[in-house]
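Asker: Modelling step: build the complete structure from the supplied sequences, incorporating the hints.
This is what each chain is made of:
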Amino acid sequence: MYPVYSMINDLVKAFDSAVSDESVYRERPLTNVYEKEDSIVVRAIVPGMTSEDISLEVVDNYLVIKAEPKSEEISGRFLRRERASGAFKKTVKLPYQLDRDKMSAKLTDGILTVELSKSEAAKPKKIEIL
Amino acid sequence: MSEKLVNRKISPAADIAENENEYNIKLDMPGVKRENISITLSEGKLEIEGKFSEDANSSETIKYREFSGGDYYRGFTLGADIEPNGVTAKYENGVLSVTMKKREEVKPRKIELLAG
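Sequence lines, in order, name chains W and R.
Position 78 of the first sequence, counted from 1, bears residue number 67 in my numbering, the numbering being contiguous throughout.
Position 103 of the second sequence, counted from 1, bears residue number 1165 in my numbering, the numbering being contiguous throughout.
Possibly wrong hints are sitting among the right ones.
Stated by the list, open to error - Taking beta-carbon pairs under 8 Å as the criterion, some of the chain W residues facing chain R (in silico): (1) Val22; (2) Tyr23; (3) Glu26; (4) Val30; (5) Ile34; (6) Pro36; (7) Met38; (8) Glu46; (9) Arg69; (10) Arg70; (11) Pro84; (12) Ile100.
Claimed, not checked - Only pairs whose alpha carbons sit at most 27 Å apart, straight line, appear in this in silico DSSO-like list of lysine-lysine: (13) R/Lys1125 / W/Lys114; (14) W/Lys55 / R/Lys1107; (15) R/Lys1125 / W/Lys112; (16) W/Lys25 / R/Lys1113; (17) W/Lys55 / R/Lys1125; (18) W/Lys79 / R/Lys1125; (19) R/Lys1169 / R/Lys1152; (20) W/Lys78 / W/Lys59; (21) R/Lys1113 / R/Lys1152; (22) W/Lys95 / R/Lys1095; (23) R/Lys1152 / R/Lys1163; (24) R/Lys1169 / W/Lys95; (25) R/Lys1125 / W/Lys91; (26) R/Lys1107 / W/Lys25; (27) W/Lys95 / R/Lys1152; (28) W/Lys115 / R/Lys1095; (29) W/Lys25 / W/Lys112; (30) R/Lys1152 / R/Lys1071; (31) R/Lys1107 / R/Lys1172; (32) W/Lys115 / W/Lys25; (33) W/Lys91 / W/Lys114; (34) W/Lys95 / R/Lys1125; (35) W/Lys55 / W/Lys82; (36) R/Lys1125 / W/Lys82; (37) W/Lys59 / R/Lys1152; (38) W/Lys95 / W/Lys78; (39) W/Lys59 / R/Lys1095; (40) R/Lys1164 / W/Lys25.
These are computed hints drawn from the structure, not numbers from a lab.
Idealized CB from N, CA, C, for every residue including glycine.
Answerer: This is the structure we're talking about:
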């Protein structure tokens, strides 16, 4: 009886970890990519960072997000540390060619928003029927 | 099941630090506006809630998703050494920092040797 039960239990556990978000390895920072008619919007989760900590670069149709945060000073000792810290570099592939000169970024409540214009060639174009 | 996952509250990652005068808890709560955070201290339990608001607008369609915003909740059971009136909090860059003073009588005290 017991081995069967234990095997089912293992299967249930394996299934749970396969469907839960936590088991999927994702590079910091977690990033969403959205499309607008003329632009691409990238949002990344960067709690605790300031605009001086982050640098952005566009290479072809990739956005490179780099961060080198200053380490937080505490007086005393840590009882628990769960928050991710330290530098990161993440390259996000964007679904279109971009106009490198039209890019804007802002940082609000720990979320970085970058808006990049699609290049003229990538923008939707209306074709008139003659 | 999918509905349950969508409504599930996110438990924010926390750092807890201590020194001789106080405890400090830092929680990652990105995407929350200051006015949408509630902190309650009752019967030795500290409860923190935050409502997520992503400033997405309807002209955007999602292409690739790694995070989906959800509301935050986390509770902490506090020790008897915390002064209930000595709790302060600030929210900056998506990080909530709660500082709790220790009660005077539990702080380390220096004892002077009397001459004689």
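Asker: Now tell me, hint by hint, if it's right for this structure.
Answerer: Results of checking the hints against the structure:
1. For W/Val22, the interface hint holds, the least distance from its beta-carbon to any beta-carbon of chain R being 4 Å, beneath 8 Å.
2. Using the Cβ-Cβ criterion of 8 Å, the hint placing W/Tyr23 at the interface with chain R is satisfied: the shortest such distance is roughly 4 Å.
3. At a threshold of 8 Å, the smallest CB-CB gap from W/Glu26 to chain R is about 7 Å, leaving the interface hint in force.
4. Restraint check, W/Val30 versus chain R: the minimum CB separation of about 6 Å is within 8 Å; hint holds.
5. Look at W/Ile34: its Cβ gets to within about 5 Å of chain R, closer than 8 Å, so that hint holds up.
6. A least Cβ separation of about 4 Å between W/Pro36 and chain R falls short of the 8 Å threshold, and the interface hint therefore holds.
7. For W/Met38, the suggested interface contact is upheld, since its CB lies about 6 Å from the closest CB of chain R, less than 8 Å.
8. Against a cut-off of 8 Å between C-beta atoms, the interface hint on W/Glu46 is violated, since the closest Cβ of chain R lies about 19 Å away.
9. Nearest Cβ of chain R to the Cβ of W/Arg69: about 4 Å, under the 8 Å cut. The hint holds.
10. For W/Arg70, the interface hint holds, the least distance from its beta-carbon to any beta-carbon of chain R being 5 Å, beneath 8 Å.
11. Taking 8 Å as the C-beta cut-off, the interface hint given for W/Pro84 holds, the closest approach to chain R being about 6 Å.
12. For W/Ile100, the interface hint holds, since its Cβ comes within 8 Å of a Cβ in chain R; the closest pair sits about 5 Å apart.
13. This hinted pair checks out: R/Lys1125 and W/Lys114 have alpha carbons roughly 20 Å apart, not beyond 27 Å.
14. As the CA atoms of W/Lys55 and R/Lys1107 are separated by approximately 38 Å, the hinted pair breaks the 27 Å bound.
15. Between R/Lys1125 and W/Lys112 the CA atoms are separated by roughly 16 Å; this keeps the pair inside 27 Å, and the hint holds.
16. Taking the CA atoms of W/Lys25 and R/Lys1113, the gap is about 26 Å. The hint holds against a cut of 27 Å.
17. At roughly 22 Å between alpha-carbon atoms, W/Lys55 and R/Lys1125 fall within 27 Å of each other, so this suggested pair holds.
18. Annotation: proposed proximity of W/Lys79 to R/Lys1125 holds, straight-line Cα distance about 17 Å (limit 27 Å).
19. Distance check on the hinted pair: R/Lys1169 and R/Lys1152 sit about 24 Å apart at the alpha-carbon level, within 27 Å; holds.
20. A hinted pair counts as satisfied when its Cα atoms are at most 27 Å apart, and W/Lys78 with W/Lys59 qualifies at roughly 15 Å.
21. The hinted pair formed by R/Lys1113 and R/Lys1152 meets the criterion: a straight-line CA distance of about 16 Å does not exceed 27 Å.
22. For the given pair, W/Lys95 sits about 15 Å from R/Lys1095 by alpha-carbon distance, which is consistent with the 27 Å threshold.
23. For the suggested pair R/Lys1152 and R/Lys1163, the alpha carbons sit about 15 Å apart, so the restraint of at most 27 Å is met.
24. Proximity of R/Lys1169 to W/Lys95 is assessed by CA-CA distance (about 43 Å); at most 27 Å being required, the pair is judged violated.
25. Distance check on the hinted pair: R/Lys1125 and W/Lys91 sit about 20 Å apart at the alpha-carbon level, within 27 Å; holds.
26. Pair hint R/Lys1107 plus W/Lys25 does not hold up; C-alpha atoms about 45 Å apart against a cutoff of 27 Å.
27. For the given pair, W/Lys95 sits about 21 Å from R/Lys1152 by alpha-carbon distance, which is consistent with the 27 Å threshold.
28. For the proposed pair W/Lys115 and R/Lys1095, the alpha carbon gap of about 40 Å is over 27 Å, so the pair is violated.
29. Using a Cα cut-off of 27 Å, the hinted pair W/Lys25 and W/Lys112 holds, with the two alpha carbons roughly 10 Å apart.
30. Proximity of R/Lys1152 to R/Lys1071 is assessed by CA-CA distance (about 21 Å); at most 27 Å being required, the pair is judged to hold.
31. Distance hint between R/Lys1107 and R/Lys1172 is unfulfilled; the C-alpha atoms sit about 31 Å from each other, more than 27 Å.
32. At most 27 Å may separate the alpha-carbon atoms for a hinted pair to count; W/Lys115 and W/Lys25 meet this at roughly 16 Å.
33. Between W/Lys91 and W/Lys114 the alpha-carbon distance is near 19 Å, which keeps this suggested pair within the 27 Å criterion.
34. Between W/Lys95 and R/Lys1125, the direct Cα distance comes to roughly 20 Å. Compliance with the 27 Å bound is thereby established for this hinted pair.
35. Proximity of W/Lys55 to W/Lys82 is assessed by CA-CA distance (about 14 Å); at most 27 Å being required, the pair is judged to hold.
36. This hinted pair checks out: R/Lys1125 and W/Lys82 have alpha carbons roughly 11 Å apart, not beyond 27 Å.
37. A C-alpha spacing of about 19 Å is found between W/Lys59 and R/Lys1152, which places the hinted pair at or below 27 Å, so the restraint holds.
38. Pair hint W/Lys95 plus W/Lys78 holds up; C-alpha atoms about 18 Å apart against a cutoff of 27 Å.
39. Of the supplied pair hints, the one linking W/Lys59 and R/Lys1095 holds, its CA atoms being roughly 24 Å apart against a limit of 27 Å.
40. Distance hint between R/Lys1164 and W/Lys25 is unfulfilled; the C-alpha atoms sit about 51 Å from each other, more than 27 Å.
Hints 8, 14, 24, 26, 28, 31, 40, counting from the list given before, are not met by this structure.
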